[in-house]
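Participant: Here the protein sequences line up with chains A and B, keeping their order.
Each residue of the first sequence is one higher than the last, beginning at 1 in the working numbering.
Each residue of the second sequence is one higher than the last, beginning at 1 in the working numbering.
Hints were generated in silico from the structure; no laboratory data involved.
Please read all numbers here as calculations on a predicted model, not as lab measurements.
There could be a bad hint or two in this list.
Stated by the list, open to error - Stretch-level coverage of chain A by chain B, calculated; a stretch enters the list once three of its residues show a Cβ under 8 Å from a Cβ in chain B:
#1 152-163
#2 173-187
#3 212-224
#4 231-238
Glycine residues also receive a C-beta, built at the ideal position from the N, C-alpha and C atoms.
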Amino acid sequence: MNLTQSLEMAKATHTGMVRSHNEDSITTDTQIGLAVLADGMGGYNAGEVASGIATALISSETREALARHAPHELDKGSGSPLATRLLRDIIARANTSIFQSANSQPQYAGMGTTLVVTLLSNNQITIAHIGDSRCYRFRGDKLQQITRDHSLLQEQIDSGLLSKEAAKRSQNKNLVTRALGIEQQVEAEIRTYPAQAGDIYLLCSDGLNDMVEDEDIEMTLTAIGSNLPLAADQLVQMANDNGGRDNVSVVLIRVKKDFPADDGLWTKFLSLFR
Amino acid sequence: MAKLILSLDGQVIKEFTLTKERSTIGRKPHNDIQIDNLAVSGEHAIIMTILNDSFLEDLGSTNGTLVNGQPVKKHFLQSNDIVEIGKYKLKYVNEASASMSQAEFEKTMVLRAPATGNKVETTAEIKALSDTQDNVAQAPKLSDTVINAQVAPPPAAAPKPAAPPAPAAAPAVSAMPGALGTVQILSGPNAGKELPLLKPLTTLGKPGVQVAVIAKRPQGYFITHVEGANFPAVNGKMLDAQAHALHDHDIIELAGVKMEFFLKS
């Protein structure tokens with residue numbers, strides 16, 4: 001099913017004002033409703049190798065898998081939509097791939113990446129994430145963070161040690177508790193939510209949310225969300241104007257209209273032969 | 001590594017480096033930081049250190065603990081905080097951010113989870129730091145849309161403090177230090193009204209017809225087309241999709257309305 005009529009996507013990435021190279025990697029495919037954002041880490045160029053493997057492998061494998069199955073089909077084993085299992089399997093393979101490269105080539109030792117992936121289908125959005133790259137939803141002029149960081153600070157906030165405001169003054173920023181490619185196995189957090197026409201989803205690396213307050217992101221989407229590429233560039237620019245201490249990457253996805261799954265007779269007929 | 005500098009009447013007595021996860025402060029000799037004075041309780045307070053952050057907790061001491069003059073039960077220590085116990089002062093200095101190059105320090109790292117579970121156990125020990133020190137300033141109002149509607153009066157709130165200057169950013173074109181960009185409408189029903197550009201983004205125009213946005217940046221003010229078939233013009237020249245730097249007394253035309261951009265000092 002082609003989603004280009006229902007979805008619009010825009011992306012922007014920038015090295016920032018301090019770093020020498022960009023270790024973030026982003027890719028989008030409007031047709032299948034997929035967006036992938038990865039923020040790599042590791043010495044020399046290893047960070048962008050890890051994030052590059054993640055985005056390339058996840059987008060190509062998802063494309064391949066969706067050619068065979070629709071993501072809203074129910075998984076026979078778990079009863080949940082196939083999108084969940086599909087992303088879980090593909091992310092596990094990306095993890096193995098990065099982990100093996102890191103262990104076989106000394107210059108890549110210890111590399112890894114955070115990850116956030118969104119897959120839209122049948123009026124739903126499935127979001128998978130690992131680490132502190134985030135997905136926000138902008139609906140009815142309100143911005144809401146949907147993913148919860150896998151980070152030391154988030155754990156401290158959850159345990160009540162730190163308030164959200166106090167966390168901004170912490171010296172322990174950028175310590176993630178989960179990352180892709182660091183260990184033999186990793187568990188991605190995967191959730192599915194209903195999506196509505198008018199929603200804008202924002203995927204970003206911590207270079208955005210560490211430099212730009214949520215209120216300013218919300219204000220930007222309210223003011224110029226009608227022009228998605230401009231809004232993406234504006235968010236990157238704001239991060240840089242505020243100091244741009246990290247690479248900054250942004251993907252924006254607008255739901256232009258409903259996208260119910262095409263469950264016509266023809267599809268059902270075809271499925272008999274699968 | 002964070003440290004505490006103990007002093008009495010302005011005289012430095014001793015320095016303590018916070019190497020342990022829990023450092024105790026009290027009168028009794030088994031404390032890591034012993035202050036032998038009757039105004040200090042036997043077990044007066046503890047400092048929990050988690051990587052580069054330290055937290056102070058008063059252990060129900062008789063005479064209490066002050067931080068920067070305020071009595072505290074639990075406190076998230078910030079560099080240069082002054083902790084007062086009786087007549088003694090402990091200055092908290094956290095050199096982590098100063099000694100490491102900032103860029104290096106801020107690189108994302110994976111915190112390896114201990115084999116038993118992926119929670120950092122110590123975090124649960126000090127519960128719920130009070131939120132009172134964290135009163136958030138009111139969020140800035142959403143951007144206004146003008147021309148069609150009435151021009152909103154300038155919000156009472158002062159503009160946000162200027163962002164730190166971005167190195168290697170585009171050269172200043174329209175910036176005048178301290179000058180506030182303002183748009184005055186020259187034609188149409190709202191002629192004469194002024195719109196101060198206080199917020200990072202101010203939209204102009206009619207949603208669905210023609211909208212442009214003026215961005216307030218450290219380098220000055222920039223206008224960009226947002227939506228609509230027609231692009232705005234500046235000084236009679238039609239803009240393209242790129243941001244255009246505004247100069248004092250530029251004339252903007254948008255959706256049939258003329259307005260002037262100027263810098264108010």
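Participant: Count the residues of the segment 173-187 of chain A with a beta-carbon closer than 8 Å to any beta-carbon of chain B: does the count reach three?
Facilitator: holds (count 8)
Participant: Counting residues of the segment 231-238 of chain A that have a beta-carbon nearer than 8 Å to any beta-carbon of chain B, does the count reach 3?
Facilitator: holds (count 3)
Participant: Examine the segment 152-163 of chain A for residues whose CB is less than 8 Å from any CB of chain B, and state whether their number is three or more.
Facilitator: holds (count 8)
Participant: Taking beta carbons only, do three or more residues of the segment 212-224 of chain A come closer than 8 Å to chain B?
Facilitator: holds (count 8)
The structure agrees with every numbered hint stated previously.
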